[in-house]
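Could you slot chain B onto chain A? The hints should help.
From first to last, the protein sequence lines stand for chains A and B.
The first sequence begins at 1 in the numbering used here and counts up by one.
The second sequence begins at 1001 in the numbering used here and counts up by one.
Quick caveat, the hints were computed from the structure, so don't treat them as lab data.
Note that the structure is predicted; figures quoted are calculated from it, not measured.
Check the hints yourself; a few may be wrong.
Said to hold, decoys possible - Cβ-to-Cβ under 10 Å is the rule here; a few derived chain B residues that face chain A: (1) 1014; (2) 1019; (3) 1031; (4) 1042; (5) 1045.
Using N, Cα and C, we set each Cβ at its ideal position, and we do this for glycine too.
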Amino acid sequence: MQLYSASGQDEAVMQRQLIFVVFGYILMLIIAQIPLRVVALWVPLLFIIGLALLVMVLLGGEVTRGVRRWLEVFWLFRFQPSDVMKVLVPLTVAWYLAGQNLPVRFPHIVLSVAIILLPIVLIAMQPDLGTAILIALSGLFVLFLAGCPWIYIILMAVIFLTSMPLIWNYVLLGYQKQRFITLFNADSDPLGAGWNILQSKTAIGSGGIWGKGWLQGTQSQFNFLPESHTDFIIAVTGEEWGLFGILFLLALYIAILYRGFYIAWYTPKIFDQLVCAGITLMFFIYALVNMAMVAGVLPVVGVPLPLISLGGSSMITIMAGFGLLMAGANAMRKSI
Amino acid sequence: MMSLAVPLHPIANETHKILSRRLIISGVIMGILALLVASRYLYLQIILHDDYSTRSNENRIKLRPINPERGIIYDRNHIPLVENRPRYSLVLQSKKEAHVNLALERLNTILHLGDTKINSIRNHINQQSASAHTIPLPLNLDSEQLAKIMVERYWLPHIELKVRSMRYYPYQDVFAHILGYVSGITEQERWQLDEVNYKNTHVIGKVGIEKVYEQVLNGNVGYENEEVNALGQVLRVIDKQAPQQGKQITLHIDSRLQQFAWKLLEGKQGTIIALEPATGGILAMVSAPSFNPNPFIMGMGQEEFRALSKAENRPLFNRALQGQYSPGSIVKPVFALAALHHNVISSQTHIVDTGVFQLPNDPRRYRDWKPEGHGEKVNVYQAIVESCDVFFYQTIVNLGIERLAPFIQQFNFGIPTGIDIDSTAEAKGLVPNDAWKRQVWKQAWYAGDTVNLSIGQGFLLTTPIQIAVMTAILANRGVKPIPRIVHSIDKKVEEPQLTLIRDEIEPAHWNLVLRAMRNVVHGNKGTGRGINRHIQYTMAGKTGTVQVVSKSQDDEALGQEVKEIKQTNRDHSVFIGFAPFEQPRIAVAVIVENAGDGSKIAAPIARKILDAYLIP
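With the rest of the complex left out, here is chain A (with noise of 0.2 Å):
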């Protein structure tokens, strides 16, 4: 519904997002049926499957805006490996850590950020900085559910503090530090990088508590807003539903948030633990992050909102999680 409205009530991106809602929500009741044991014998080739798309993706992807990132399968969509390495990451290092004599020592770090390093630098070097940050984050949760001990979390902390003025100079390209700056100074280019979240934030704010009505956002109704059904497709919900709207819709996501623990607290096995905790972390950043890059506190990253947002891989990816978790879950009734 939100949808319908931020793309201009247009029927045609409607019903394809509807086919992939479908396609997705087939796939999550397949995974669902698949034994979470089953799924860790795949893991390592689909991992290795993986890093051969994104090797492709840099050699032969199709070029938007300067960034690749596509990659036409078939005639059928043209999908993100690097979406695809959102689930793959956590599960790899979940397979990877299950696999240990727990509790975690530290060539198990070692071994888990070279897993969590391999595909990052691939989908850095796209490049698409946002998803490889968050890909990375989604991939070191797993570590730290694991039990990583403290010390060596605090370190990756300092180590990542005192390497973002070599990143800066060095690994971020004109674009990535544009919308730092951006970010702290919105009029320093108004018609470039800054109209996204001037606009933005216009929207929301004019949204109000009780919001202007569904279809009756001017700003997005008449184009001010750019990319309003892809990343910013928040911005529309805070402008027709208002604040009302938005924590609605965080209460949902928490609410899955809540589910998902709820489920990896109970599944009896270390695994099954680790992947629906990892997943159900991995989704909620991304709804965070998304949601705070929109009202302005985050830089413009690139990151759709999970389950809302136009984009036929990022629901597919988000449905396969899901089916994950719906696996866990029925190994936790079995097991009560």
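For chain B alone, coordinates are given in the frame of chain A:
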């Protein structure tokens, strides 16, 4: 939020305990983060609500990009070669199919354009970039149409009448191959462009100077922040940043000389290139026939474009840079230098020319252009002046292709000149050798191939611009310039790029060859003596007559050029020259296709060019 009151996990070993603790910790952290995000929205939507409402509802701020004026291109005497004219155009405001259909239907009712025209407009719309919000329609409105639209404008939905500054090429065909033209931005090009800077720009340079210097000419977009009310009326301008206008480009081109050259080639097919040997600056470069670039700006119909691109005389083809010709006898001065430099001949070496040359053990008879031959004692000096073929047959066979090829490459044969327009489109020409022939023809190099090549025929191919550079190198006694069209950008002069050729040729050899070239025109036996009447300066020159027929018999692989030439059997008329002889200020290369003898057509044209430039 996680409740802490959940019962402990059934299998409560150490790992599970840690995991459970960690789950609680992450739950708490997530909760805090969610609270932070929620409070941000609270702040925006409650505390700042009034601010943003004002901004959004009552007084919406509209950001309007202001296009920079495209830079003007001048000739060397500051005569503008392009104009920016204000032009009325209809701009489509929506891309939705229903809107487009309605708009076009009404437009047709008002202007009676007819279905074919409407369809071509529709095609044009469909070709536009998906990211373009507004699309200017490819219509040239006359005053009557303009009046009709003014009257009916409130009945015409989704279309606005706008005044825009549009490029215009007042000289039409004359500079088309140099300046190129601007035209609508395609989807593919849109991705490569700076999104912000081209937000409201609809054309970019497609060929020539307009393309190569697109970044420089376009300038930078400015903007105006306008406060508009709900009806879209501008209340006030809040702030404004003026656009940075496109830079001015000054060319080496002398527009008077260019127009004169253009007239000389009227109705002919061919090329005239004139340049300043000392700088490489191109004074005139005509490729005839040419085309009028103006229709390209608004986008021409497919039929129109097809007619132009398929025309037999190929007006879109830039012969000066892309045409590959056998050069003919004009290469003889350079070939003579090669033979002298490698000591194959001296200034005294002479041969007997009976009008026929034969290789040992080969029955084939190679003829001189003069059937009775040039006499008992022909030396290199006479051979250049009288363009004696037999002398060069003998000399170059003795020199051999493997010594000739690298030598003439120094005179820019077989490599692009690096001229500052259409560097990708510039043809390379061909300097053949044994390795090349084995690769392409699967055959060894025969002495007969060298014979053909020795008078600028055979496999050797050159472009007119290469010939012009060769002429400049001769005029400069070994200093090679890179030809340059652009003289300066916004007063900042582009430095000439000059290099010395690799082989150090003895001054005596230069003197000999250049003196011979002078006597081609001024000597009483010179092949170009026909143009020396009443001449007010001393010049050097060389005639060439390129056989077209004999070439087409054996050179199928050379492609379209040859096929095209087959249509007619007459020779190409070629002439190179420079003047004044003592202190050359201009070098010129003329090729007229299928015009016959070089001394009859090309040489008089060259003389007129030199006169026009040197005599005030």
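Results for each hint:
1. 1014: Status holds, d = 7 Å.
2. 1019: holds (6 Å)
3. 1031: holds (8 Å)
4. 1042: Holds: closest Cβ of chain A sits about 6 Å from residue 1042 (chain B), inside 10 Å.
5. 1045: This interface hint holds because 4 Å falls under the 10 Å limit.
Checked against the numbered hints above, the structure breaks none of them.
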